[in-house]
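Colleague: Construct the complete structure from the given sequences, taking the supplied hints into account.
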Amino acid sequence: MADIRVVEGSEAVALAVKACRPHVIAAYPISPQTHIVETLARMVADGDLNAEYVRVESEFSAASVVSGASTAGSRSYTASASQGLLLMTEVLYASAGMRLPFVITGVNRSISAPINIQVDHQDTISLRDSGVIQLYVESAQEAYDMHLAAFKIAEDPSIMLPVMVCMDGWVLTHSYERVEFLDQEAVDRFLPPFKPENYLDTANPKTWGSYAEEDVLMEFKYSIHKAMTEGKSCIRKIMAELTALTGRDYGGLVEAYRTGDAEVVLVAMGSMAGTIKDAVDDMRREGKKVGLIRIRCYRPFPYEDLVAAVRGAKVVAVLDANVSMGSEGAVGLDVKSKLIGRPGVPMVIDFIAGLGGREVNSTAVREIVDRAERLSSSGLPPPEAEWLDLNPAIVP
Amino acid sequence: MKISSGAVVEGGTSLNYKTGNWRDQRPEIDPESCKQCGICQEVCPDDAVRQVRDRYEIDYNFCKGCGICAYECTAEAIRMKNEEK
Chain S
1 MADIRVVEGS EAVALAVKAC RPHVIAAYPI SPQTHIVETL ARMVADGDLN AEYVRVESEF
61 SAASVVSGAS TAGSRSYTAS ASQGLLLMTE VLYASAGMRL PFVITGVNRS ISAPINIQVD
121 HQDTISLRDS GVIQLYVESA QEAYDMHLAA FKIAEDPSIM LPVMVCMDGW VLTHSYERVE
181 FLDQEAVDRF LPPFKPENYL DTANPKTWGS YAEEDVLMEF KYSIHKAMTE GKSCIRKIMA
241 ELTALTGRDY GGLVEAYRTG DAEVVLVAMG SMAGTIKDAV DDMRREGKKV GLIRIRCYRP
301 FPYEDLVAAV RGAKVVAVLD ANVSMGSEGA VGLDVKSKLI GRPGVPMVID FIAGLGGREV
361 NSTAVREIVD RAERLSSSGL PPPEAEWLDL NPAIVP
Chain E
1 MKISSGAVVE GGTSLNYKTG NWRDQRPEID PESCKQCGIC QEVCPDDAVR QVRDRYEIDY
61 NFCKGCGICA YECTAEAIRM KNEEK
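From first to last, the protein sequence lines stand for chains S and E.
Take our numbering: the last position of the first sequence gets the number 396, and nothing is skipped along the way.
Take our numbering: the last position of the second sequence gets the number 85, and nothing is skipped along the way.
To be clear, the hints were calculated from the coordinates, so they are not data collected in a lab.
Since this is a predicted model, take the numbers as computed values, not measurements.
C-beta: ideal position from N, C-alpha, C; glycine also.
Please note: incorrect hints may appear among the correct ones.
Unchecked claim - Within a straight-line C-alpha distance of at most 16 Å, the following computed EDC-like cross-link-like pairs (lysine to aspartate or glutamate) qualify:
1) K64(E) x E213(S)
2) K2(E) x E214(S)
3) K2(E) x D215(S)
4) K18(E) x E386(S)
5) K18(E) x E219(S)
6) K206(S) x E10(E)
7) K18(E) x E213(S)
8) K2(E) x E213(S)
9) K2(E) x E219(S)
Claimed, not checked - Which chain E residues face chain S? A few, computed with CB under 10 Å, are given here:
10) M1
11) I3
12) G6
13) A7
14) G11
15) G12
16) T13
17) S14
18) T19
19) N21
20) Q25
21) V52
22) N61
23) F62
Modeller: So this is what it looks like as structure tokens:
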């Protein structure tokens, strides 16, 4: 019988990590990640989880500990948010380069300054180029499921890269939801023990991330890129395996929600998608042909699924909970780069939405749809990214 | 040559990486002026100065041409010359 309970999102994540039998956990507390690592620390202290829990003095150290532990052949886990993720940045690039398959929960929170602890995607988006695989989840259930998948994806011999499960701070970490848990035997069958080809061994010493001059550096970088791009089929396969095990299907790398005959397609990531789906349902009832693409796997970028899902649409409106200062939102840029040059592709309009926890409600979603429709039929070229709900009167 | 995933290589093999090709100035020791004090060996950040019997030699496989040895040499026995490739 399935174990079904109402739990806080953070607890669901901690229980998923526990079920994956990690050897080493290292973390430094930061809101809104704290409940995840507090729960894991308690499990270890109470003897419910046989893992080494390393208390560190910074996120740089947390990432360094799991990187080292992974090199030694340990299944390793860390979690952080916001400034903490930025402090890990250097280690995460190095870990991807050394092909170390640990799992990180990237709890999404705004980046300082000004200081703000609410949700947006600026922190994890800033790590998109690091070689860390990024999965964005919509619910506590999906967070639970994706942590199980994350270890399996990371440790696949064809991939061997860190995987970050990105979940919206507070909205997902601190809300209570109905979550269905797998029993331990099922998780063990799904995720066999971690047995890397290379691991630290005093009898057979090896060096990780050794020196590479200009004659081979590009090939090393390309091999990471290739593991990501070619890894998409492996990620799809693992997602399908998990679906067979749980009965829950999130659509692989991209969830297409009512996009079949949609004229206006919205694109979003994370918990915002829940509100958008409700708004889509409302608009559908009124006869508006609207749909949503939720990008679940952001790196590697699933452009094939995206291109297929927007076929026939008049306009695509991207909701970006991040901004590349001086340009547009990262997701909008990705979507445009993969559509441009194809015949009959829709106009793509980027909306910067929900920074620092600014609410994106169903009224806002309707506004975006109206605005996108008007802009696409105006005969004018697509405008620069629009900042949703911005109050220009108070901007200095 | 095939590269390894994660740049994982056999340990203790850093001597295989000949970093001396970064150099654009090469130090040359004048054996007549050299007093064999060994300061050049002490200050070399790349451990690229070797004592060979009664004299000191630069290991050009690893010398990056920083010039610290020439600057510190009290006998002014080391001259930096442009590297020609």
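Colleague: If a hint holds in the structure, say so; if it does not, say that too.
Modeller: Going through the hints against the structure:
Proximity of K64(E) to E213(S) is assessed by CA-CA distance (about 15 Å); at most 16 Å being required, the pair is judged to hold. With a C-alpha separation of about 15 Å, the suggested pair K2(E) and E214(S) falls inside the 16 Å cut-off, and the hint holds. Of the pairs offered as hints, the one joining K2(E) and D215(S) holds, with about 12 Å between alpha carbons and a cut-off of 16 Å not exceeded. Between the alpha carbons of K18(E) and E386(S) the distance comes to roughly 53 Å, so the proposed pair goes past 16 Å and is violated.
Note on K18(E) and E219(S): the hinted pairing is violated, with a Cα-Cα distance of about 20 Å set against a maximum of 16 Å. At most 16 Å may separate the alpha-carbon atoms for a hinted pair to count; K206(S) and E10(E) meet this at roughly 4 Å. For the proposed pair K18(E) and E213(S), the alpha carbon gap of about 10 Å is at most 16 Å, so the pair holds. Proposed proximity of K2(E) and E213(S) is supported: the alpha carbons are some 14 Å apart, at most 16 Å.
Our distance criterion of 16 Å between C-alpha atoms is met by K2(E) and E219(S), whose separation comes to about 10 Å. For M1(E), the interface hint holds, the least distance from its beta-carbon to any beta-carbon of chain S being 8 Å, beneath 10 Å. With its C-beta approaching chain S no nearer than about 5 Å, I3(E) sits inside the 10 Å limit, and its interface hint holds. Interface restraint check: G6(E) against chain S, minimum CB-CB distance 4 Å, threshold 10 Å, status holds.
Taking 10 Å as the C-beta contact cut-off toward chain S, the hint placing A7(E) at the interface holds, the least distance being around 5 Å. Evaluation of the G11(E) hint against chain S yields a held restraint, the C-beta minimum of about 3 Å falling below 10 Å. At its closest, the beta carbon of G12(E) sits 6 Å from a beta carbon of chain S; the interface hint therefore holds under the 10 Å criterion. A least Cβ separation of about 7 Å between T13(E) and chain S falls short of the 10 Å threshold, and the interface hint therefore holds.
Of the supplied interface hints, the one on S14(E) holds, with its beta-carbon coming within about 7 Å of a beta-carbon of chain S, less than 10 Å. Here the hint on T19(E) is kept, as its CB sits about 8 Å from the closest CB of chain S, short of 10 Å. For N21(E), the interface hint holds, the least distance from its beta-carbon to any beta-carbon of chain S being 8 Å, beneath 10 Å. Violation of the interface hint for Q25(E) is found here, the shortest Cβ-Cβ separation to chain S being roughly 20 Å, above the 10 Å cut-off.
The restraint placing V52(E) at the interface with chain S is violated, with a minimum CB-CB distance near 27 Å, outside the 10 Å limit. Residue-level restraint check for N61(E) is violated (minimum Cβ-Cβ distance to chain S is 14 Å; threshold 10 Å). A cut of 10 Å between beta carbons decides the hint on F62(E): the least distance to chain S is about 12 Å, and the hint is violated.
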